[in-house]
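Visitor: Here is what each chain is made of, one letter per residue.
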Amino acid sequence: MSYFFQLLVSGIVVGSVYALAALGFVLIYKASRVINFAHGHFIAIGAFTAYALSTSLGLSVWIAAVLALAFTAIVGYFTERIFLKPLVGQPIISVIMVTIGLASVFGGLIHMTPYGSGNFSLPGFLPEGGVNFAGISVSYPQLLAVVFTGVFLAAFGWFFQRSTVGIAMRAVADDQMASMSLGVSVEKVFALAWAAAGITAAAAGLIVGAISGLNLEGLVGIGLKVFPVVILGGLDSIPGAVVGGIIIGILENMAAGYLDAYIPGGGTGDVFPFLVLLLVLWFKPHGLFGTEEIERV
Amino acid sequence: MRNPWTRTGNYKTSYAQDTTIFATYSEQASLAVFLIGMLVLPRFLVRGDMQILDLILIYALAVLGLNIITGYAGLINIGHAAFMGVGAYTAALVAPHLPFWAVLPVSGLVAAAAGAVVGIPALRIKHLYLAIATLAFQLIFEWAVGHSPALEQGGAMAMPRGMVFFGYKIAFKNHHYFWYYVSFTVLVLMAFGFRNLLRTRFGRSLVAVRDNDRAADAMGMDPGKTKVFAFALGAFYAGVAGALYAYWSRAVVIEDYSLMISIKFLAMAIVGGLGTLVGSFLGPAFLELLDINMETFSYAIKEIYNPPGVDVGSAIRPLAFGLAIVLFLIFEPRGLANWWRLLRSYFRNWPFKY
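Listed in order, the protein sequences are those of chains A and B.
Each residue of the first sequence is one higher than the one before, counting from 1167 in this note's numbering.
Each residue of the second sequence is one higher than the one before, counting from 237 in this note's numbering.
Just so you know, the hints here were simulated from the structure itself, not pulled from any lab data.
Every value quoted in this text rests on a predicted model; they were computed, and no experiment measured them.
Only true hints are included.
Stretch by stretch, here's where chain B covers chain A in the computed footprint (C-beta under 8 angstroms, at least three residues):
(1) 1261 to 1269
(2) 1277 to 1286
(3) 1435 to 1442
(4) 1447 to 1457
Cβ coordinates follow ideal geometry from the N, Cα and C atoms, glycine included.
Let's have the full structure, built from the sequences with the hints guiding it.
Guide: Printed below as a string of structure tokens:
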């Protein structure tokens, strides 16, 4: 039984990373109906910026983290301004392909730096060891990851419920025409959504850096795992991103923990989320909390 | 009097004339010149060039399939390389037992079956959701191959060597030349199929479903069935391309059918011009030549910028590839096919501007 709970706990930790990553993804989709295939690269940009600042400039990890969040937000903002804005009103395939192209460009740029290949780990800033509770061990970084995710989500929740900008963003997601006529700058909201997505992506990257090592492929892989998460939770639902993230994290760990033994080569955790994705698409395409699209002639 | 060599006006008096493939003799003549040119081209090329040319032809075949799914039917497919992979692995499994001209259609049909299965969710979901479903199929395919001992877990599965075709032995030296002619013949046949698709009832219903599936439904077409058939047909093209690729590369390796390649196909279709025949040739040619030139270009960059721990070669290629996609989408969304069209109309109207 303690094996089960151990898997559950590590699933929640992984799931909180997915939840954060998915949050940014959903923000972009909600505001501008764009599926961002470069999300994994935003995660990588955030994580490696923090790593570069803390190792080469010798900044403390916390300052480096804040600067990385800001930098990724700027990257997100200008990505929207430069590359996505000219494509407003174009068919979906163009918008999808431009994010795929951007993913390739970002990948190339990261490969231009020494961080393209190899493993890196953020300098330790937390005490070793962890909490032991009834045979289940949780390390401090893991604990921090969950707490940090919780705080981050609460901050975003406050931002969307209370702040003017957040309310404007929700209004645009709801009805662009109506919010435009009430004086909300839809263009600005699109760019802000990308900036906010950059922040959450960087936060996810930082957490990965805290609980395990950084490597480009792994970080970009999180960008792919976001798809099962958002489909399960509902593409346009922020609570869905959080719930979906944690469920997928748990399922992935459970699958790896219980099924790997029966499969030559293992690695069940990598594919299981996508099987879930297909099942959800077959039986409940709009996910747990997504808005059902009703079509009328 | 109508001049049969050039288009001087609209002289069409029947539907048969309206749906004809060749409007003028000069179109037939230019096609004949193109075909003869492609047939004698290998005489002037060395083995290394042939390799690139073969790759472009095989990719063009796969992109034709993608253009049926994504260009005609408007279903975004991020799993096209997986269809090609299904064809290639089928070829690897049946090649020892069948002659190669029988392996190609068998691989195509197996891939078509896979395509139909992947297309089933299209009965219910569309647009982005469908794109994500094909992405999932791609990843599940890669994982499944990587865990199948029967498929060497994604490692190299050798194809038969030393084949004899009508007394013509295919060995190391003439390998690329032989498969050039095979690929080219298959490509021409299937390109004719592609070109004729829009003249059929099924082809036109594809476009109708793409433009407005509810209106198509109201007019008596079955959007779900049409979409599933579109997937099957496009996957058939990919499967044949996969079998050719397997023979041409002499082995089947999972890396040749990965997500990166699927993305490459989409990029080729976009850069060439979605849903166009000429774009299906120009797109693969452009991106493959770009890739090769970037490899040479990276040596020049290394002279200036080559810090430790950085592999400029592996950085510059995705960078150029991504920039090509982004710039084409922003500045020329209709792709190279549009340049081709402008070029042709320039010469047709010369010396007048329009």
